[in-house]
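Trainee: Line by line, the protein sequences are chains A and E.
Its first residue numbered 1, the first sequence is counted upward by one per residue in our numbering.
Its first residue numbered 1, the second sequence is counted upward by one per residue in our numbering.
A portion of the hints provided could be inaccurate.
All copies of an identical chain are treated as equivalent in the list; a pair is satisfied when it fits inside any one copy or across any two copies.
Derived lysine to any residue pairs resembling SDA-like cross-links, with alpha carbons at most 25 Å apart [claimed, not checked]: (1) LYS130 / ALA117; (2) LYS130 / LEU284; (3) LYS199 / ASP108; (4) LYS477 / SER488.
Derived from the structure by calculation, the hints contain no laboratory data.
If you're wondering where the values come from, they're calculated on a predicted model, not measured in any experiment.
Number of protein chains: 2
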Amino acid sequence: MNNAEFIIESAVRAGIDVCFANPGTTEMPLVNALDTVSGMRSVLGFFEGVCTGAADGYARMAEKPAMTLLHLGPGFGNGIANLHNARRAKSPMFNVVGEHASWHLPYDPLLAMDIEALAGSVSAWHRTVKAPETVGRDTKEAIARAFSGKIATLIAPNDFQTATFAGAADRDPAGQGDHASGIDSALIEQAAAMLSSGKRSALILGGQALSVKGLMTAARIRAKIGCDLFYDTFPARLEQGAGLPDIYRIPYLPEMALETLKPYEAVLCLGTRAPVAFFGYTGLPSVFISERQDRLVIDRGDSAIIDALSRIADALDAPLDVDAAILSALKRPEIPSGKLDGAKACTVLAALQPANAVVVEEAITNSLAYHAQINGCPRFTLLSLTGGSIGQGPASATGAAIACPDRPVIDFQADGSAMYTIQALWTQARERLNVTTLICSNRSYDILKLEMARAGILTPGPNAGRMTDLSGINWVKLGEAQGVSSVSVHTCEEMAHALETALAEDGPHLIELVL
Amino acid sequence: MNNAEFIIESAVRAGIDVCFANPGTTEMPLVNALDTVSGMRSVLGFFEGVCTGAADGYARMAEKPAMTLLHLGPGFGNGIANLHNARRAKSPMFNVVGEHASWHLPYDPLLAMDIEALAGSVSAWHRTVKAPETVGRDTKEAIARAFSGKIATLIAPNDFQTATFAGAADRDPAGQGDHASGIDSALIEQAAAMLSSGKRSALILGGQALSVKGLMTAARIRAKIGCDLFYDTFPARLEQGAGLPDIYRIPYLPEMALETLKPYEAVLCLGTRAPVAFFGYTGLPSVFISERQDRLVIDRGDSAIIDALSRIADALDAPLDVDAAILSALKRPEIPSGKLDGAKACTVLAALQPANAVVVEEAITNSLAYHAQINGCPRFTLLSLTGGSIGQGPASATGAAIACPDRPVIDFQADGSAMYTIQALWTQARERLNVTTLICSNRSYDILKLEMARAGILTPGPNAGRMTDLSGINWVKLGEAQGVSSVSVHTCEEMAHALETALAEDGPHLIELVL
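If we strip away everything but chain A, and leave its shape as in the complex, we get (with noise of 0.2 Å):
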């Protein structure tokens, strides 16, 4: 066995099965790998921020960290931006890097730049293999890394990649990462304590809060104490529908947050951390709990925030069973009519997204009126862009349906920041996954025109305008051109129609909303 053989089938054992692939020569023997060693599915992207992003909606939905491979520094460049947003999303990754042969490397060849800069920038581990008798203590770490729920990126010269293995003590599995503690009992009983001190109280979950099991914990407590229930404003995946609690987002502009969260004289933060703003802005504050609020951050990533809060509903007294009363009921908003907009589009999807979906959603200015309409859908999971590094739904939506094959993946998603990794439609097609594309056509960098007049450009001269207009794509031959069905609709009647053709038939599909 070579090392690559060892890298691959080190990952395979931990229970790593698929690798979102975009090699080069340098990754050779890893890529001959993948078929000497059985167990681990490949599927190639047409670009790497297609590979990374698909990665990290996997690991959402899989909730164990995939694989990727990746050509060189050029090659994990392109990854980063959806690296970026894999890392704010708490998602696990085992990112493997060619590097040039050790002997070739000083000669500086013409694709050699400074890959652990760049890895170092979005890995929580990250390291060149120094020696090929070190592959195997390499792996094991990064692997273990990556199970630990953390992006961990391995760069392996070419050259160690077909040296023999010889690290047979490595070959043990590697430890399943760093070993959650518990969290320490004096914050469970200062959290009890500030809920139950009669104040209006809210809880801001994120991470696995959102889970079921954290949501109905949450419940307990709101049974008890009547608080109110909110997410982050771009959580990393959310359970949401029908039986669950009622809960709101976080919303983006601060003057709507802060206006949202004055109400509440205590806050705790669960799995997340208090809400910062987007941007700063001149005049108001970077973060949207004031000092003259009552706040206690408990900020895990992990499922140790399940457990504190579930110390917490039972340090006050909280009832087991919750009452059904207290949570969302089924109930969808009627199909609107007429011409699209995008409240209207966020709509017809509440209306129409099917139980067990998982919705990406990159709708950026056009989802403002979904996020309110979805506490009574049936049961579904919801992705958000967790970094604001634009172009993670195409991706992430890949990585979901290859994640939940049988789950419909619905990408909701802004046509500006689709272009980013519009090479993800090519993988849908190739693997035919169950994927619908809602393409919030209105030809415009929307959210750039509001962030202009809060800047106070409020009539943006010639070039400042041009840098807004982004007219001039046909989404149907771009989604075709990929193998994608599709299809543009201007009203409501046919954005309902066309969505339930495409959740009726296998493979990807393309629906343009023109706004």
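Given the coordinates of chain A, work out where chain E should sit on it, guided by the hints.
Mentor: Just chain E now, kept in the frame of chain A:
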């Protein structure tokens, strides 16, 4: 005047008049300044790799830097692959990246990341502005570095952009970069001595030695001593065609490169280093010039190399006027007939490319036959994939067309590589650029198949096989989707007709060459 306006004004005063932009909220004051300050053309790229690749192509043709405007770390990350190519091309560039407001950044907003780590990986100079008062000095330094032929990246916090400019002294024009020092006479004498030794000699030329002046001076040396001329495998810019001396490409494959250079007892590298293998292959050397060959390297990227050539020619007492007999005569291949393949596509292109064309060559495996046929073409300019990071062609062609609106630009382009910056077509359509993209559609990463075979993988397994299969793209729809007139051709005759039509019409065209 605020600092954002100062940055734009400084760039304009220095002679930078094009900005390839993909801005976001943190760059809003700069976007506004693109209108309040006159003299800067802003060109929107629908993905940052398009902007940086376009700035590279622009710089190669305009011989001066363009500005780019990129959004935070993820935006810069998306631009890294083509910045890497630009760095290898020694293209100057002035990148400006917004950063969160200085008072907001400590709260680690979602889009925050280590921009400096990314910028440092590809920039010769980078700095985050630390106080509003230093914007003047920092901008001046950045622009001076750009004009010295380097990539300079200025990271400007949003609040410092809006602050009033306070640095009158910095309004003096920036020095136009490092003053190039001459090349030591001892080196010139050494070169002349080597070339006059009677040994069979080769000149390997790169950088400005591949300009018309450089090549005509090299022709003097050739006229005197009968040496052969070669160019880097991946030249940033090569002037080429009838009336210039015959010059040959260093082959990509190491066996062929070694074989090509083996006959020479003395090798002089001017404006480039001794040629290094693109990848390291076991049993083959990293450098293509062996110990038993005399070797002298004068690797300067600037115009000093032309002066050095001239001094060497003078030292050799080479004639000032070169006999036309040693220059390439106009001699174009016949247009072949029948079903297209890679070699025939090269011949059709060499037969038809118009005088004064700019040919961007990223055809990878399909361009081998092209380089052997271009010495006799009407004079043109060749740009190539300097850093090996694929996706340079569509972007670089876009920038070249902005720099040279009166010259036809032809992007001779591999299909796999094109997908990495396919969004460049949209900018070409929007700006009505005269770019003709020839897609070598073999539906395969052929270079990977080649490298697999070289790595001993002669019968790839199913996973490895799928890593090189790129079928499933409809290029006509992909071009039309972005507003580019597109056609697919299967024969030499069809290609010839389509190419002539595309060149006769204004605006961008795409021709899929089905190979």
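Trainee: So, for every hint listed, does it hold in this structure?
Mentor: Hints and how they fare:
| no. | hint | in the structure |
| --- | --- | --- |
| 1 | LYS130 / ALA117 | both (16 Å within a copy, 22 Å between copies) |
| 2 | LYS130 / LEU284 | between (49 Å within a copy, 22 Å between copies) |
| 3 | LYS199 / ASP108 | neither (64 Å within a copy, 29 Å between copies) |
| 4 | LYS477 / SER488 | both (10 Å within a copy, 15 Å between copies) |
Checked against the numbered hints above, the structure violates only hint 3.
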